[in-house]
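Listed below are the residues making up each chain.
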Amino acid sequence: MEMMSERQTLLTVEHLTKRYPGVVALDDVHFELRAGEVHALIGENGAGKSTLIKALMGIIPVDGGAFFLNGEPASIRSPQEAMGYGITAVFQELSQILDLTVAENVFLSKEGKKAAYWLDRHVLNSRTQEILDRYNISELRPMDMLRSMSAAKRQLAEIVKAVAIEPKILILDEPTSSLTDTEAEKLFDIIRVLKADGVGIIYISHRMMELEQIADRVTVLRDGVYVGTREMAETTMDEIVEMMVGRSLELYQSRQKRPIDRSEGCKLLEVSGLRRKGTFDGISFDVYKGEILGIAGLVGSGRSELANMIFGIDPADGGEIRMEGKPVRIRSVQDALDHGIAMIPESRHQQGLVLIHSIADNITLPILKRFQHNLLLSHRKKSEFAGGMIEKYAVKTESPAKIVNQLSGGNQQKVVVAKWLATAPKLLIIDEPTAGIDVNAKVEIHKMILQLTELGLGVIMISSEMTELLNHSDRVMIMNRFRNLGIYEDVDQETIMSEIMQDENAAAENGLTA
Amino acid sequence: MGNVTLSSKRIDWREWFVYIVLVALIIGFSLMSKAFLTTQNFEGIGRQIAMVTIVALGATFVITAGHIDLSVGSLVGLVGLVAAICMRSGLGIFLSSLVGLAIGAGFGVAHGLLVTKAKIPAFLVTLGTMGIARGLALTITNTKAVIILNDKFTTVWGAGALGRIPVSVVWMAALFAVAIWLYHFTTFGNYVKAIGGNPTAARYSGIKVDKNTMMVFIYAGLMAAVAGLIMAARLKSGRPEVGSGMEMDAIAAVILGGASLFGGSGKMVNTFIGALIMGIIVNGLILMGVQSNIQEIVKGAIIIAAVSLGKRNQ
Numbered sequence: 001m002e003m004m005s006e007r008q009t010l011l012t013v014e015h016l017t018k019r020y021p022g023v024v025a026l027d028d029v030h031f032e033l034r035a036g037e038v039h040a041l042i043g044e045n046g047a048g049k050s051t052l053i054k055a056l057m058g059i060i061p062v063d064g065g066a067f068f069l070n071g072e073p074a075s076i077r078s079p080q081e082a083m084g085y086g087i088t089a090v091f092q093e094l095s096q097i098l099d100l101t102v103a104e105n106v107f108l109s110k111e112g113k114k115a116a117y118w119l120d121r122h123v124l125n126s127r128t129q130e131i132l133d134r135y136n137i138s139e140l141r142p143m144d145m146l147r148s149m150s151a152a153k154r155q156l157a158e159i160v161k162a163v164a165i166e167p168k169i170l171i172l173d174e175p176t177s178s179l180t181d182t183e184a185e186k187l188f189d190i191i192r193v194l195k196a197d198g199v200g201i202i203y204i205s206h207r208m209m210e211l212e213q214i215a216d217r218v219t220v221l222r223d224g225v226y227v228g229t230r231e232m233a234e235t236t237m238d239e240i241v242e243m244m245v246g247r248s249l250e251l252y253q254s255r256q257k258r259p260i261d262r263s264e265g266c267k268l269l270e271v272s273g274l275r276r277k278g279t280f281d282g283i284s285f286d287v288y289k290g291e292i293l294g295i296a297g298l299v300g301s302g303r304s305e306l307a308n309m310i311f312g313i314d315p316a317d318g319g320e321i322r323m324e325g326k327p328v329r330i331r332s333v334q335d336a337l338d339h340g341i342a343m344i345p346e347s348r349h350q351q352g353l354v355l356i357h358s359i360a361d362n363i364t365l366p367i368l369k370r371f372q373h374n375l376l377l378s379h380r381k382k383s384e385f386a387g388g389m390i391e392k393y394a395v396k397t398e399s400p401a402k403i404v405n406q407l408s409g410g411n412q413q414k415v416v417v418a419k420w421l422a423t424a425p426k427l428l429i430i431d432e433p434t435a436g437i438d439v440n441a442k443v444e445i446h447k448m449i450l451q452l453t454e455l456g457l458g459v460i461m462i463s464s465e466m467t468e469l470l471n472h473s474d475r476v477m478i479m480n481r482f483r484n485l486g487i488y489e490d491v492d493q494e495t496i497m498s499e500i501m502q503d504e505n506a507a508a509e510n511g512l513t514a
Numbered sequence: 001m002g003n004v005t006l007s008s009k010r011i012d013w014r015e016w017f018v019y020i021v022l023v024a025l026i027i028g029f030s031l032m033s034k035a036f037l038t039t040q041n042f043e044g045i046g047r048q049i050a051m052v053t054i055v056a057l058g059a060t061f062v063i064t065a066g067h068i069d070l071s072v073g074s075l076v077g078l079v080g081l082v083a084a085i086c087m088r089s090g091l092g093i094f095l096s097s098l099v100g101l102a103i104g105a106g107f108g109v110a111h112g113l114l115v116t117k118a119k120i121p122a123f124l125v126t127l128g129t130m131g132i133a134r135g136l137a138l139t140i141t142n143t144k145a146v147i148i149l150n151d152k153f154t155t156v157w158g159a160g161a162l163g164r165i166p167v168s169v170v171w172m173a174a175l176f177a178v179a180i181w182l183y184h185f186t187t188f189g190n191y192v193k194a195i196g197g198n199p200t201a202a203r204y205s206g207i208k209v210d211k212n213t214m215m216v217f218i219y220a221g222l223m224a225a226v227a228g229l230i231m232a233a234r235l236k237s238g239r240p241e242v243g244s245g246m247e248m249d250a251i252a253a254v255i256l257g258g259a260s261l262f263g264g265s266g267k268m269v270n271t272f273i274g275a276l277i278m279g280i281i282v283n284g285l286i287l288m289g290v291q292s293n294i295q296e297i298v299k300g301a302i303i304i305a306a307v308s309l310g311k312r313n314q
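Line order of the protein sequences matches chains H and G.
The first sequence lines up with residues 1 to 514 when you count with our numbering.
The second sequence lines up with residues 1 to 314 when you count with our numbering.
Just so you know, the hints here were simulated from the structure itself, not pulled from any lab data.
Predicted model only: the values in this text are computed from it and were never measured.
Positions of the beta carbon are idealized from the N, C-alpha and C atoms, including for glycine.
Don't take every hint at face value.
Derived DSSO-like pairs (lysine-lysine); straight-line CA-CA distance at most 30 Å [stated by the list, open to error]:
1. H/Lys277 to G/Lys267
2. G/Lys117 to H/Lys277
3. G/Lys211 to H/Lys381
4. H/Lys326 to G/Lys208
5. G/Lys208 to H/Lys369
6. G/Lys119 to H/Lys369
7. G/Lys208 to H/Lys426
8. G/Lys211 to H/Lys369
9. G/Lys299 to H/Lys277
10. G/Lys267 to H/Lys381
11. G/Lys267 to H/Lys396
12. G/Lys152 to H/Lys369
13. H/Lys426 to G/Lys211
14. G/Lys34 to H/Lys381
15. H/Lys186 to G/Lys152
Output of the computed footprint for chain H on chain G, the stretches with three or more beta carbons under 8 Å from beta carbons of chain H [what the hints assert, rightly or not]:
16. 185-195
17. 202-208
Model the full assembly from the supplied sequences, consistent with the hints where possible.
If you want it as structure tokens, here you go:
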């Protein structure tokens with residue numbers, strides 16, 4: 001700690017102000033970053049984190065305030081100027097060119113402009129390999145195509161690209177949102193190397209647990225206002241959460257185990273021996289009414305694929321699905337909906353919403369037929385219905401006609417939740433229900449789901465966030481390599497990881513590496 | 001979130017943009033030519049834009065669904081020619097028209113299958129069928145025109161009039177009304193917008209993306225076929241070379257009307273205004289005695305200027 005505070009100050013932000021018409025996004029904000037520290041920047045969605053980052057990257061102009069780099073006043077008015085000061089960022093929503101190799105992607109910005117046509121592929125690859133070795137990243141090879149890689153590996157590739165330019169200040173915007181806990185560990189190893197090199201890291205995350213692991217200091221913003229900065233070692237989660245929301249929350253308290261009636265008559269979904277060519281070789285499990293079945297597993301273990309199979313996106317080609325005891329055939333999403341199955345998909349932007357359409361259009365999309373009478377679709381009825389859902393699920397908006405694009409992440413997710421609950425499902429599959437949304441919205445969404453289970457809704461919940469999974473599931477199914485490793489009523493993180501590791505080891509011994 | 005007031009004002013202004021352009025053109029040409037603002041002249045404009053508008057109704061659906069159909073201009077020529085041949089061989093108005101419509105629908109089915117099942121981009125598929133349809137038309141009669149002697153056919157489809165209103169304009173109005181209904185007041189229209197806005201989210205919402213995409217291409221083919229029949233009736237002959245370039249005018253009308261070229265949104269009324277604007281530009285320039293080559297240049301420049309001015313700055 002002594003060492004840490006003696007480190008020189010890399011960046012100081014003073015009195016930073018940014019106004020948008022009708023709203024002050026940043027109001028006299030202060031921020032300071034030292035060399036070799038991980039400085040977490042946190043706050044709810046809309047607190048001003050992104051605006052601060054964009055100002056620092058020169059993406060948006062500011063209305064007041066100053067930046068100092070190593071004590072010298074600095075003018076940052078364009079991304080090029082930011083780059084010139086050694087500031088770079090890895091954003092949450094990646095915009096990569098998927099038909100490049102890891103090496104090509106790494107040198108896209110750095111060497112791209114001056115030497116792309118002259119750079120030898122071998123030189124590119126060997127330089128990339130040097131970087132990978134330096135950060136001990138064995139998961140990537142320079143020649144791998146981005147398109148063939150998982151979201152997690154692409155994220156890793158993007159981080160490699162950022163560190164390749166040897167930045168002085170690295171901004172990581174929710175770097176772990178698409179990573180599992182093990183993959184996040186890998187990222188933390190990279191961060192530790194960067195810290196040792198004296199790089200200052202601004203770290204944005206909604207995952208409280210990982211801040212304790214990786215952050216040295218934390219600065220909290222709320223509604224565009226600077227709330228305070230704390231040394232991580234001298235603060236508590238409760239204090240940080242209180243700083244963020246102005247009150248303490250029940251999110252981080254474990255929920256009491258509920259009694260679930262698991263008699264035969266209360267069985268909602270029964271999956272037996274479900275197969276799909278290339279992935280599932282007979283998977284079986286069940287969900288009872290009013291129960292939340294959590295699914296734990298690494299990225300690539302088949303969790304989302306299982307959800308897609310039951311929901312009819314990629315239908316099964318063998319085995320049986322029963323709803324309330326009756327066998328059902330699910331060949332399409334429409335079939336799933338007809339049998340009372342709904343799914344809140346993994347990617348809000350890609351699978352959940354038509355972003356350029358209104359809240360009303362999005363909420364009513366799966367049930368649109370209800371609003372067509374005598375060959376006429378009633379936009380008034382659509383809008384009225386959506387208005388009711390907006391109220392019920394506390395979506396913050398002035399009108400159902402508002403374009404979804406203009407909502408915050410948490411509100412967008414509430415629209416997705418409302419859209420699927422509007423179908424009045426018996427079984428709800430939720431894939432990463434609270435990824436990348438703020439604490440308040442998380443709590444609200446958890447509450448909604450819990451309330452619905454009281455009324456008999458069965459839920460399958462996939463989450464990479466262990467806290468969420470363990471706190472909210474009645475039972476947890478562990479998955480690996482497209483198989484069910486077991487369903488537990490009482491389980492902790494260690495058990496889950498050791499089960500998965502054992503399965504991986506067994507696979508390796510049999511020469512069946514995933 | 002706070003810039004709601006301003007951005008909604010801005011969007012309002014953009015929504016009216018196409019009408020502002022229309023009014024500006026009407027005022028401008030009225031000042032420059034006395035013959036412009038007359039009932040007779042507007043009858044002429046109506047006849048002139050009827051076919052492009054009908055083709056543009058189909059194009060609005062295709063573009064909203066996130067695709068493009070380049071074949072419609074060639075289809076206009078092919079359908080008109082085949083209908084003329086059918087008439088000559090004594091098939092009668094009804095059957096000859098039906099054959100023409102079937103050709104349009106058939107091409108639509110082929111487009112739909114190639115786009116949804118073979119996953120070939122619509123641009124390439126319809127670029128191919130654009131050549132195929134035109135080539136077929138030119139080959140069938142060895143580039144010769146086929147005269148239609150049957151007055152009933154020409155009256156019903158194009159040359160007749162309902163009171164003072166040309167029959168082609170009546171067809172346009174009727175099909176326009178159907179298009180508004182389909183686009184704005186049916187689940188189909190909403191599904192098409194959702195598919196164009198985000199095909200993955202549409203699929204996850206239980207929408208049959210392939211089926212609806214197929215219907216969109218069939219509809220576009222049918223509209224091209226109707227335009228082809230009207231064209232043949234007005235020319236009192238099937239001519240293999242007609243309709244060339246009409247796909248571009250139709251696309252321009254849709255985009256002038258403010259529909260997103262990337263799909264997901266549009267307004268049927270604005271497509272009509274877009275087609276009307278283009279008709280007025282050509283008509284006004286003719287009245288001013290501008291040569292047809294120069295007309296094309298002016299038309300192109302006005303389209304680019306209008307679209308860039310009306311673009312949302314995002």
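Item to check | 30 Å limit on alpha-carbon distance, applied to hinted pair G/Lys211 and H/Lys381 | outcome: Satisfied, since the Cα-Cα distance of roughly 26 Å is no more than 30 Å.
Checklist entry - Is G/Lys299 within 30 Å of H/Lys277, Cα to Cα? => result Violated. G/Lys299 to H/Lys277 sits at ~56 Å, over the 30 Å cutoff.
Next on the checklist: Between the alpha carbons of G/Lys267 and H/Lys381, is the straight-line distance 30 Å or under?
Outcome noted: With a Cα-Cα distance of about 20 Å, the restraint between G/Lys267 and H/Lys381 holds, given a limit of 30 Å.
Checklist entry - Regarding the pair H/Lys426 and G/Lys211, is the alpha-carbon distance no greater than 30 Å? => result holds (28 Å)
Next on the checklist: G/Lys152 and H/Lys369 were given as a pair; does the straight-line alpha-carbon distance stay at or below 30 Å?
Outcome noted: Cα-Cα ~42 Å, so violated.
Item to check | Proposed proximity, H/Lys277 with G/Lys117 (alpha carbon, max 30 Å) | outcome: holds (20 Å)
Checklist entry - Would the pair H/Lys186 and G/Lys152 pass a check requiring their Cα atoms to be no farther apart than 30 Å? => result violated (79 Å)
Checklist entry - Taking 30 Å as the top limit, are the C-alpha atoms of G/Lys119 and H/Lys369 close enough? => result holds (28 Å)
Checklist entry - Given the hinted pair G/Lys34 and H/Lys381, is their alpha-carbon gap at most 30 Å? => result violated (49 Å)
Checklist entry - Given the proposed pairing of G/Lys211 with H/Lys369, does the C-alpha separation stay at or below 30 Å? => result holds (16 Å)
Item to check | Satisfaction of hint between G/Lys208 and H/Lys326, Cα-Cα up to 30 Å | outcome: holds (25 Å)
Item to check | Restraint check for G/Lys267 with H/Lys396, where alpha carbons must lie at most 30 Å apart | outcome: holds (28 Å)
Checked against the numbered hints above, the structure breaks hints 1, 9, 12, 14 and 15 and satisfies the rest.
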